[in-house]
Amino acid sequence: MSKTFTPSIATPAVITANDLRMGHCVWMRDGGWTADPREAQLFEDEAIADLAMLDAIGQANIVVGPYLAEAKRGADGRPEPTHFREAFRRRGPSNYFHGIQAELEASNV
Amino acid sequence: MFDARPQHNEYLRYRAQQFRSQVERRLDGSLTEDEFRPLRLMNGVYLQLHAYMLRVAIPYGTISPDQMRTLALLAEKWDKGYGHWTTRQNIQYNWPKLVDIPDMLDALADVGLHAIQTSGNTIRNVTTDAFAGAAADEIIDPRPYAEVLRAWSTDHAEFQFLPRKFKIAISGGEKDRAVIAAHDIGLRLRRNEAGELGFQVWIGGGLGRTPILGQVVREFLPEADLLPYVEAIISTYNLAGRRDNKYKARIKITVAERGLDVMREEIEAEFLVRRAVFTGVDQDLVAEFKAVYAAPAFRNAEDGDYEERRAANVGFRSWTDTNLQAHKAPGYASVMVTFKAPGQTPGDASAAQMNLLADLAERYGHSDLRISHDQNVALPHVHKSDLFALYSELKAAGLATANAGLISDIVACPGMDYCALATARSIPIAQEIADHFRARDIEDEIGKIDIRISGCINACGHHHLGHIGILGLDRAGVENYQITLGGDGYDIPAIGQRPGAGFPAEEVVPAIDRIINTYLDLRDSVEERFIDAYRRVGAAPFKAALYPVNA
Chain L
1 MSKTFTPSIA
11 TPAVITANDL
21 RMGHCVWMRD
31 GGWTADPREA
41 QLFEDEAIAD
51 LAMLDAIGQA
61 NIVVGPYLAE
71 AKRGADGRPE
81 PTHFREAFRR
91 RGPSNYFHGI
101 QAELEASNV
Chain U
1 MFDARPQHNE
11 YLRYRAQQFR
21 SQVERRLDGS
31 LTEDEFRPLR
41 LMNGVYLQLH
51 AYMLRVAIPY
61 GTISPDQMRT
71 LALLAEKWDK
81 GYGHWTTRQN
91 IQYNWPKLVD
101 IPDMLDALAD
111 VGLHAIQTSG
121 NTIRNVTTDA
131 FAGAAADEII
141 DPRPYAEVLR
151 AWSTDHAEFQ
161 FLPRKFKIAI
171 SGGEKDRAVI
181 AAHDIGLRLR
191 RNEAGELGFQ
201 VWIGGGLGRT
211 PILGQVVREF
221 LPEADLLPYV
231 EAIISTYNLA
241 GRRDNKYKAR
251 IKITVAERGL
261 DVMREEIEAE
271 FLVRRAVFTG
281 VDQDLVAEFK
291 AVYAAPAFRN
301 AEDGDYEERR
311 AANVGFRSWT
321 DTNLQAHKAP
331 GYASVMVTFK
341 APGQTPGDAS
351 AAQMNLLADL
361 AERYGHSDLR
371 ISHDQNVALP
381 HVHKSDLFAL
391 YSELKAAGLA
401 TANAGLISDI
411 VACPGMDYCA
421 LATARSIPIA
431 QEIADHFRAR
441 DIEDEIGKID
451 IRISGCINAC
461 GHHHLGHIGI
471 LGLDRAGVEN
481 YQITLGGDGY
491 DIPAIGQRPG
501 AGFPAEEVVP
511 AIDRIINTYL
521 DLRDSVEERF
531 IDAYRRVGAA
541 PFKAALYPVN
551 A
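From first to last, the protein sequence lines are chains L and U. All the letters of the first sequence, read from the start, carry residue numbers 1 to 109 under the UniProt record's numbering. All the letters of the second sequence, read from the start, carry residue numbers 1 to 551 under the UniProt record's numbering.
This is chain L alone, in the form it adopts within the complex (with noise of 0.2 angstroms):
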């Protein structure tokens, strides 16, 4: 769900994309890819953004169908979700503890 908002301090945004060989969201950090949303890096410049979604789409051989996602900083200064959508790819399913939460469970972060 890529949408036309232009990152800023008001809207900052995270870039995210699916892992190209197993399929799981991912979101970028440093030009690099991160399974866990707390991680990602939150966009609050538009210059630097647009250059990151370039670099996002040039790794096509590492993650599918990047995009900016608009995202909000939270009182801890990590990335939250403004959407419910990304709220769900951030977790994973409701009808099973599968996906992102069960992952970070287990990595026991």
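Hints were generated in silico from the structure; no laboratory data involved. Computed from a prediction, not measured in an experiment: that's the story for all the values here. Hints are supplied without guarantee of correctness; some may be wrong.
To be verified - If the Cβ cut is set under 10 angstroms, some of the chain L residues that face chain U in the computed set are:
id	residue
1	L20
2	C25
3	T34
4	G65
5	T82
6	F84
7	N95
8	H98
9	G99
Cβ coordinates follow ideal geometry from the N, Cα and C atoms, glycine included.
With the hints as your guide, set chain U onto chain L.
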């Protein structure tokens, strides 16, 4: 023509190898995602919200025990131990890794299964009645025709790039159990006045964002003309269907925009051309498939202690009252095993449950299993003397819920818990509704009712056909649910109508509760089903109950 029976699966291994090579080329950068995407879709591989999804075709819902065990193997070895029955009689795996999918396709090929044309703008899996070959009201078993359609349509060179996906359903019963009117082509087997076998042919039905019921394009098509006529319909659509707008590309729009008479004229003209070049090989195949699908050797035996068990065991009696269908052979019944137990995700089956069903089908069911479009599994042929033993084993595995056709037997698409297209969740809504009416303990009192839930307008949950339909939408960043009333996919095909504004998630159960209370108050007898009462009194009392302030 492609023949996918288990003994003829070299072709499937070839196709699996072809896909393996495509995956390798995607991973090494030889193929871009734009190039790879249509190739993976042709093999049933989607990229969803949390993971890839593999949709495996179960041709017209018919599956053997060995094939079922392979579905269980896939769930155990490459997924998270379960699969999901779809409303098109297929199975979906929610968590495969792209790098594993070629191995999954190899395993499927070993038992004659595949994922070819489970996506893309092609002819999809042909669907039919889950009780085909068993139902008491059946005119003739539709499966030989479904198989010849499958063989003909798989990798049909002319129809690999249709304007949009194309779905065919075929039904052989007096009563339609295949939702004929909601398909691009619907075929109803029937006999003419001379007693000859043929098809009533429907075209232009479909759900999605523009729900339209199909129309009869040919009252009676002789049996032998099936393939040339279907080919004429699809080739006419292939040329006339719109390619400028994917939302107007289905044949339902082509028929609606051009008119049925124009379509019929072109189809009939094309039919004459096509029929002339058919050599009769299709007739040989139908004859062969009729032998493949000959009725099993039904036992001529007494019912045993069936009635005594029913009298003595309340749970068994309740289950036999709700989950059996009349069978054409004396002493037999068709069993519906619902995958709608309390707390269960509609249509989800664990590997252990699949393996058990395979064993039970061999022991009690003439080795026959069917996936129903209601996301349940039928054992079409069970002798009544075996029903109690079957019930006991199902019960021990949590598979004997006595709710087929009742309010907790809800059809639901995966919704935003899995699907990348979804605009809201379906599964929690289904679970909450089922839990609510179980807690009220009035499921039996309500009787037969059909609730269907979709998580977006693409309508995989067939919400338009639910007596009560629920459509999940995104309203300004919040999940919101539209309710429709009066839909029907069985007796009198009807698209449900929207009585008013949608409800936020937490208000859906109370809204459904008000609808049900209204029905219980106004029905003229306990025999009058919800849909019959709705047809008798109209929407007004339900609308008043749903929107009391505005009433």
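Evaluation of the provided hints:
1. L20: holds (7 angstroms)
2. C25: holds (6 angstroms)
3. T34: Since the shortest Cβ distance to chain U is 16 angstroms, the answer is violated.
4. G65: holds (7 angstroms)
5. T82: holds (8 angstroms)
6. F84: holds (6 angstroms)
7. N95: Holds: closest Cβ of chain U sits about 5 angstroms from N95(L), inside 10 angstroms.
8. H98: holds (6 angstroms)
9. G99: Constraint on G99(L) satisfied, holds at 5 angstroms.
Hint compliance for this structure: hint 3 is the single one not met.
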